[in-house]
Amino acid sequence: MSYSPLEKHFSIVHILFAPSSASLRKHQNKMGKLRVIEKRFEFGLRVFYNLFRLFPLIYSSVWLTLALTALTIAASVGNEIVNYKTGYIPGKFYVALLEKDEPRFWHLFWVASLCYIGLCLLIALMNFFSWCLYIQQRKNLVACLHSIYYKNNFYYQINGVDDHGIDNPDQRITQDADKLTKLLATSIIPTVLLSPFIISYYGVRTWQTSGGWGFGMIFGYFLVGVIINRILIGPLTPWAARVEKAEGDFRFKHVSVRVNAEESTFYKSAQFEHLFSDLSFDALFRRLFVFMSWRFPSQFFQSFFDYYGGCMSYILQLFPIFVFHMYDNLTSAELSGQISNNAFIFIYLINCFTRLTDLAMNMAELGGYIMRVSEFVDTGKLYESGIENDAFRSNSVTRDKSSGEDNLIEAEHVSFGPPTNSNNRIIENLTFNLPRSKTLLITGESGIGKTSLMRVIADMWPHQGILKKHFDKSDAYFLPQRPYFPVGRLSLKQQLVFPAAENGEKTGIDEDIIRLLHELKLGHLLSIVGSLYDNVDFEWQDTLSPGEQQRLCFARMLLAQPTVAFLDESTCNVDEGIENAMYEMLRKRSITYITVGHRKSLRSHHDFELRIPSSSSFLSMKFTTKRPRLPGRIRTNDEMDAQGDAGAQGGSQGGPRQSNKRLQQTQAQVDEVVGIMKVNVEKVLERDQKLSQLDDRADALQEGASQFEKSAATLKRKYWWKNIKMMIIMCAIVIILIIIIVLWAGGK
4 MSYSPLEKHF
14 SIVHILFAPS
24 SASLRKHQNK
34 MGKLRVIEKR
44 FEFGLRVFYN
54 LFRLFPLIYS
64 SVWLTLALTA
74 LTIAASVGNE
84 IVNYKTGYIP
94 GKFYVALLEK
104 DEPRFWHLFW
114 VASLCYIGLC
124 LLIALMNFFS
134 WCLYIQQRKN
144 LVACLHSIYY
154 KNNFYYQING
164 VDDHGIDNPD
174 QRITQDADKL
184 TKLLATSIIP
194 TVLLSPFIIS
204 YYGVRTWQTS
214 GGWGFGMIFG
224 YFLVGVIINR
234 ILIGPLTPWA
244 ARVEKAEGDF
254 RFKHVSVRVN
264 AEESTFYKSA
274 QFEHLFSDLS
284 FDALFRRLFV
294 FMSWRFPSQF
304 FQSFFDYYGG
314 CMSYILQLFP
324 IFVFHMYDNL
334 TSAELSGQIS
344 NNAFIFIYLI
354 NCFTRLTDLA
364 MNMAELGGYI
374 MRVSEFVDTG
384 KLYESGIEND
394 AFRSNSVTRD
404 KSSGEDNLIE
414 AEHVSFGPPT
424 NSNNRIIENL
434 TFNLPRSKTL
444 LITGESGIGK
454 TSLMRVIADM
464 WPHQGILKKH
474 FDKSDAYFLP
484 QRPYFPVGRL
494 SLKQQLVFPA
504 AENGEKTGID
514 EDIIRLLHEL
524 KLGHLLSIVG
534 SLYDNVDFEW
544 QDTLSPGEQQ
554 RLCFARMLLA
564 QPTVAFLDES
574 TCNVDEGIEN
584 AMYEMLRKRS
594 ITYITVGHRK
604 SLRSHHDFEL
614 RIPSSSSFLS
624 MKFTTKRPRL
634 PGRIRTNDEM
644 DAQGDAGAQG
654 GSQGGPRQSN
664 KRLQQTQAQV
674 DEVVGIMKVN
684 VEKVLERDQK
694 LSQLDDRADA
704 LQEGASQFEK
714 SAATLKRKYW
724 WKNIKMMIIM
734 CAIVIILIII
744 IVLWAGGK
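Residue numbers (the working numbering): 4 to 751.
Label-pair distances were calculated between CB atoms; the ranges are:
id, residue 1, residue 2, range
1, GLY121, PHE200, 17 to 23 angstroms
2, GLY511, PRO489, 19 to 25 angstroms
3, ASN162, VAL293, 26 to 32 angstroms
4, SER306, ALA461, 57 to 63 angstroms
5, GLY511, GLU415, 42 to 48 angstroms
6, ALA461, HIS257, 29 to 35 angstroms
Since the hints were derived computationally from the structure, they do not count as laboratory data.
Note that beta-carbon positions come from the ideal geometry of N, C-alpha and C, so glycine has one too.
Using the sequences and the hints, build the whole thing.
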């Protein structure tokens, strides 16, 4: 293969585009694949299996979490013991009152007071320890989910490439993990661990009191409740998951409105956002309604089994009193006390069983959260090795970090497409070499694949072919097209040293920061924030203009002191003067840079241009001069000098004819400039007229807004008074009903 003089450092780059239109290629170049398939979760053994698999994450801090679990169980056991002791106190009160034993009554009163104080203390401790357990479990689970989420750029894969059906991953980490651990720590763990022992103890006491028939009736009562609840909670798990998905979509809609409020206002899209926010909530409302509709029968039977248990406790008194005649020798006072004690045992055993049936409702909701969180974990484990795992391994990738190579980047037959469909090639068989210490400008139509090539170089997208990068990853800095500032009202220094963490100590880099800010005409930020270390009361992304954001990110890159910088449209929002200064700062620091851009002014700052055409199947890399040039054939300096000499000789021979010709050309250019100026003046006048009309409309809108506020205030006062009157009427009705009931009870 032979090369022309202009291609002595580069081979011809062969590009074979996929057989599709330019618009389709642009569409394929878009990032992110959202799957509309909604998975159906069922309540069954799979829920318990996934919960078992999540326990290593929930108990990742083993000793502290186990200690809190033990304290919760200990407080629950103490609560049960004291509750058992207090359960016999009402029967003793009956005996003391019926026998008119006043000293015994007062003794029981003080004992009961102390017992109930202790019981309340144990209940408070049980709730406290269970909430501490919930907080610790949530901390453990969220820490593990964060580890999975941020490991090897999995968060980029799931948000920017293919979500694999994992809707709203932020919600799964924040809300689903919260609800899962709260139900588990406060409701499920104490009940499940203690219920077998409590049921065994009170079951034996019930057997001793009412025999096998009494215990069998309670156990049968429990089995009926379990069967009915199992049938009714089946639909709750999938619908709980669907409600959570709709909740996430609704929240995400409002987050997008908040983040893009200014752009939305420019589009005058308040009505549109209002409509689609309502539609998003309507979708949530429908799912909530179906979920509550399925929950209604389950709640009915749950309440029925809870309250009917009191009636069952008296039915069971039938056996010791009328069947076995166990209390024929007791006096009336002793019999009343025994009946009270038996009722306590029966009710408590029934309550233990009904607590397990009540747990079915919590388990149904818990199942939805378990399936959503476990699905997130399973998908994350598929990417344990991140972007460079088997699914993203190129056919041949070589990274040579030696500094003695002549080339900085070598590409041989490199092909790539979107990670979600790599068969649809954006670029195929790309071959080029970039010499060390030379700069490169990548140009082409919007959406043709320039940024995609940067993603390939950054190992964010897979590719086939050989791509040798003779630089260390730590020496490269990628400046993306959209400026990014982490949220949290962080200090100016933290934004500049990102992604490193700022420790609040003064360092020698502070002077470099101040100097850089002034060089990039960002010195006014120092007066706004007051200090480099003070947290601000605003978010940088919402406060700075696009040009200021790009310059601040550029300062961040310079502070990182990279050897190689990759700039993706990093100066598109600044004027050419600042752009020239920015590239001059790169050259002074001996930073080799590769730029993606459209501006013609960028050519003067680069040694080579890699242009990706929209229609041609070939691509060549050429030298560019140090001055901007109109489109056309790129010429060497020798050709330009030869043309200059020829022009000088022609000028000495042409005489007046040549001068007249030049004068006519100049006059034509002046006329053209005058015409353009006239058009611009007319446009300015037209714009002033439109601005005047816009001011009139703004005044009208302001007047309408003030009228709306007045009418809204009037309407608010009107409905407030109506609500007050309604509340007064309702309170009067309730008071009258209470008086009627009291009078009726007193009459009886």
